[in-house]
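Novice: Chains A and B supply the protein sequences, listed in that same order. Read left to right, the first sequence gives residues 1 to 533 (my numbering). Read left to right, the second sequence gives residues 534 to 815 (my numbering).
In short, the hints are calculated from the structure, not lab data. A couple of the hints might just be wrong.
Simulated pairs of lysine-lysine, PhoX-like, Cα-Cα distance not exceeding 25 Å [to be verified]: (1) A:K362 / B:K700; (2) A:K260 / B:K577; (3) A:K183 / A:K102; (4) A:K202 / A:K105; (5) A:K158 / A:K183; (6) A:K478 / A:K245.
All values reported here derive from a predicted model rather than from experimental measurement.
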Amino acid sequence: MRAVRRISVFLAVVLLVGLGAGGGATQEKPRYGGVLTWFDYGDPGRLDVHAESPLVVQQATAGIWSGLLHWDPDDPAKITGDLAERWRASPDGKTYTFELRKGVKWHDGQPFSAADVKATFDRILNPEFKSPKCGASLKPMVASLEVLDRYTVRFRLKAPVVSFLGAIASAWCRVAAKHVLEKYGDLDRPEAQIGTGPFKFKRYERGNLIEWEKNRDYFVPGLPYLDGVKQYILVGAPTQLAAAKVGRVMLWDTWPPMRKTQVAELARARGNEIDTYQWPVNAIYAIYMNVQKPPFSNPDLRRAVNLAVDRQELVEKALEGAGVPCAILDPKLVGDFALPFEEVAKIAGCRQPKDQDIAEAKRLVEKHYPNGIDVEFAVRAVGNYLDRAQLLVGQLTRIGIRGTIKSYESAAGYAAFGKGDFTLIATQDRGMNSTDPGDVFHLVYTTEAGSNYARWSDPKVDDLAARALRESNRERRKQLYWELQRHILSDAPGAVAVGWVEGWFFRDKRVINYKPAKTAYDNNTFMKVSLRE
Amino acid sequence: MRALASSLRCFGARQPLGAVGAAIVAVLVATAVFAPALAPHGPKEAVFTPYLAPSPEFPFGTDHLGRDQLSRVIWGARLSLYVGLVSVVFGVTLGGLWGVVTGYFGGAADNASQRIVDVLMALPPIILALSLMAALGQSMNNVVLALAILLAPTAARTLRALALSIKESPFVEAARAVGCSHWRVIVLHVLPNTLAAYIVLLTVNIAYAIVVEASLSFLGLGAPPDEPSWGAMLNAGAQAIEAAPWMFLFPGLAISLTVLGLNLVGDAIRDLTDPRLRGGLG
Numbered sequence: 001m002r003a004v005r006r007i008s009v010f011l012a013v014v015l016l017v018g019l020g021a022g023g024g025a026t027q028e029k030p031r032y033g034g035v036l037t038w039f040d041y042g043d044p045g046r047l048d049v050h051a052e053s054p055l056v057v058q059q060a061t062a063g064i065w066s067g068l069l070h071w072d073p074d075d076p077a078k079i080t081g082d083l084a085e086r087w088r089a090s091p092d093g094k095t096y097t098f099e100l101r102k103g104v105k106w107h108d109g110q111p112f113s114a115a116d117v118k119a120t121f122d123r124i125l126n127p128e129f130k131s132p133k134c135g136a137s138l139k140p141m142v143a144s145l146e147v148l149d150r151y152t153v154r155f156r157l158k159a160p161v162v163s164f165l166g167a168i169a170s171a172w173c174r175v176a177a178k179h180v181l182e183k184y185g186d187l188d189r190p191e192a193q194i195g196t197g198p199f200k201f202k203r204y205e206r207g208n209l210i211e212w213e214k215n216r217d218y219f220v221p222g223l224p225y226l227d228g229v230k231q232y233i234l235v236g237a238p239t240q241l242a243a244a245k246v247g248r249v250m251l252w253d254t255w256p257p258m259r260k261t262q263v264a265e266l267a268r269a270r271g272n273e274i275d276t277y278q279w280p281v282n283a284i285y286a287i288y289m290n291v292q293k294p295p296f297s298n299p300d301l302r303r304a305v306n307l308a309v310d311r312q313e314l315v316e317k318a319l320e321g322a323g324v325p326c327a328i329l330d331p332k333l334v335g336d337f338a339l340p341f342e343e344v345a346k347i348a349g350c351r352q353p354k355d356q357d358i359a360e361a362k363r364l365v366e367k368h369y370p371n372g373i374d375v376e377f378a379v380r381a382v383g384n385y386l387d388r389a390q391l392l393v394g395q396l397t398r399i400g401i402r403g404t405i406k407s408y409e410s411a412a413g414y415a416a417f418g419k420g421d422f423t424l425i426a427t428q429d430r431g432m433n434s435t436d437p438g439d440v441f442h443l444v445y446t447t448e449a450g451s452n453y454a455r456w457s458d459p460k461v462d463d464l465a466a467r468a469l470r471e472s473n474r475e476r477r478k479q480l481y482w483e484l485q486r487h488i489l490s491d492a493p494g495a496v497a498v499g500w501v502e503g504w505f506f507r508d509k510r511v512i513n514y515k516p517a518k519t520a521y522d523n524n525t526f527m528k529v530s531l532r533e
Numbered sequence: 534m535r536a537l538a539s540s541l542r543c544f545g546a547r548q549p550l551g552a553v554g555a556a557i558v559a560v561l562v563a564t565a566v567f568a569p570a571l572a573p574h575g576p577k578e579a580v581f582t583p584y585l586a587p588s589p590e591f592p593f594g595t596d597h598l599g600r601d602q603l604s605r606v607i608w609g610a611r612l613s614l615y616v617g618l619v620s621v622v623f624g625v626t627l628g629g630l631w632g633v634v635t636g637y638f639g640g641a642a643d644n645a646s647q648r649i650v651d652v653l654m655a656l657p658p659i660i661l662a663l664s665l666m667a668a669l670g671q672s673m674n675n676v677v678l679a680l681a682i683l684l685a686p687t688a689a690r691t692l693r694a695l696a697l698s699i700k701e702s703p704f705v706e707a708a709r710a711v712g713c714s715h716w717r718v719i720v721l722h723v724l725p726n727t728l729a730a731y732i733v734l735l736t737v738n739i740a741y742a743i744v745v746e747a748s749l750s751f752l753g754l755g756a757p758p759d760e761p762s763w764g765a766m767l768n769a770g771a772q773a774i775e776a777a778p779w780m781f782l783f784p785g786l787a788i789s790l791t792v793l794g795l796n797l798v799g800d801a802i803r804d805l806t807d808p809r810l811r812g813g814l815g
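Chain A on its own, in the form it takes in the complex (with noise of 0.2 Å):
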């Protein structure tokens, strides 16, 4: 019975060897050197990553910066420390207390301290300072901020809010240091990309270049792993495309996606060399109207836009049927608080066939301007903005609004439309800060959005959205996002939602560890990625 029971332990110890170092030849131990090769799809021009949303701004300085947390590396749906190594709330919901970490330094070599992070979010929280994605986060969430030490700071909320700590982890609220702040003014210029982050920002080129280079007084002891990071500014996908089929860049995990038909030719032409995979950008495609000019000040107007948009056809053709046409949100990451797509599908102006939507809002033209009318359709030249443009050109040519398209460097593009210097946007793809169902309304649809470009105000929706935003019942949450939506899929909105976008991409196989994050920009750190040899 002795020796069964040696035996027994014996191949009990053998097995857990065996598993063990099986486990261990999958998890790849990572290599020091090297530079990654990535690119952006447009030029970013400013680079305040408080003041700008463009996802390039993010990509251009995603390693230059640490925030109080961030999404995990290695499990990016899950929200861990980065320049905060403990927080807690108070049993109310309503304090968040976050402890700093001690002697960490400055890119410049100054210490870090709480000073620097109310200095940040002081900033973006200042009613008069324009913060489209970490401020438009925050601002309805948070009441003030002080500083309790030097290591310790807490945020008090306006009501308890289930998303606060998702807002907070989004690459958007990152920390900038109080002296960079008071000496330039902004975080614009690069000399100003003074961070914490795992890379000190090297070089921009205009048009061409931006590069990082290892910060070897980081934080985190033995990372990064490359020494520095290289992203080539490619605008069109022709370029891109190319870039990526001869190995010149080792990653497409952002905006804009390849088409199928694209990703069906890298394929072939780097065969086992790339994986390539189909994964939600997180971002939602939206046509704006300005409502403070005409015509679409007038609500007939929108709401004869909103019918007359075949959300279908624009997703089959200028997404190759990658994304989820109509939805305000997109089930596939907000679960059950998107609206029932069976539903969705009945609502006038997404419901198939057209014919009876497009009658409508004909009509609805005609009251207005018997003879159609002119109007000039903005957009940004990048991705494949142009293409939809043209789709949308034709849809609405039928209802008797006869398009004319202006197209925008990227920069230009965001510029003119901050000014509301625009009559329709005719697509524009907005990401959201985080996987919460309210990111979308605070984003696009309230008053006070960031990306509200349509200068759209709807006491209704911005009512619904605060009280989703502190409801922390899971249920009548639900509900309340629900009512929002049926609004304003079914009322004269100032941005028609033409659904979500998906897309493929790749990733060189000689990149290891980077796992794509749930939103477009997170995880672009590269803190933990490695190449091989």
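Using the hints, position chain B against chain A.
Specialist: Below, chain B alone, put in the same frame as chain A:
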């Protein structure tokens, strides 16, 4: 009518390649003029299935947005011809007048104007065109304007050289001797003698203008995005070159054939107007 037919036969016999070019250009012009009747569908109608391969229903296939490629190539002829003709007439005429007048009068103004020509000609043409389009903004008329600015210096330099030689001719001296004013001499004696060179410049540069417009559109700075420009079609085709090669092939063929036809006609006209070649010495 009989005289015209006889002239054409004579042209065909003396310049067979020119006749081929003229036939291509004639087809181009007819396509451009009758585009609304010839095109089976609207060039902007994105109502078909994307990426359909060429078939009897869609001889040139459909593009990535589900538009009929044949209709777009046909309408593209109209756009190319418009841009080519208008920009060349505008640019070569103004540039030619600038060169003839400053060359005839000479002096400091001529010197200064030639330095401006030097500067404009020193810039790579496509860079100059891109810069102008970036500054002017994207529209058909701005494409025409940018191309005219691009073409004017060459015309000015060429016709100025001719004017310098003509103004020393005995018939110009005779005209001056009988009291003709400078402007009368320019209008009645210098300009008519530059006409042959002017016509050659026109024919040669139309092809050039069409290629530059296609290049600008390919780079996204030419015709507005929804206009059926051959260059923009090439750009769209380049994004699906393996999946849908017809998107690239047909606009590419249209550009090549048009440029070939115009160049053949230009060469023939040059040969016919060159006294050395006219006599069979070339």
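Novice: Does each hint fit the structure? Answer for all of them.
Specialist: Outcome of the hint check:
1. Taken as a hint, the K362 of chain A and K700 of chain B pair is broken in the structure, with Cα atoms around 67 Å apart against an allowance of 25 Å.
2. Taking the CA atoms of K260 of chain A and K577 of chain B, the gap is near 23 Å; set against the 25 Å cutoff, the hint holds.
3. Pair hint K183 of chain A plus K102 of chain A holds up; C-alpha atoms about 24 Å apart against a cutoff of 25 Å.
4. Simply put, K202 of chain A and K105 of chain A have alpha-carbon atoms about 17 Å apart, close enough for the 25 Å limit, and the pair holds.
5. A threshold of 25 Å between alpha carbons decides the hint, and for K158 of chain A with K183 of chain A the separation of about 32 Å lies outside it, so the pair is violated.
6. At most 25 Å may separate the alpha-carbon atoms for a hinted pair to count; K478 of chain A and K245 of chain A exceed this at roughly 44 Å.
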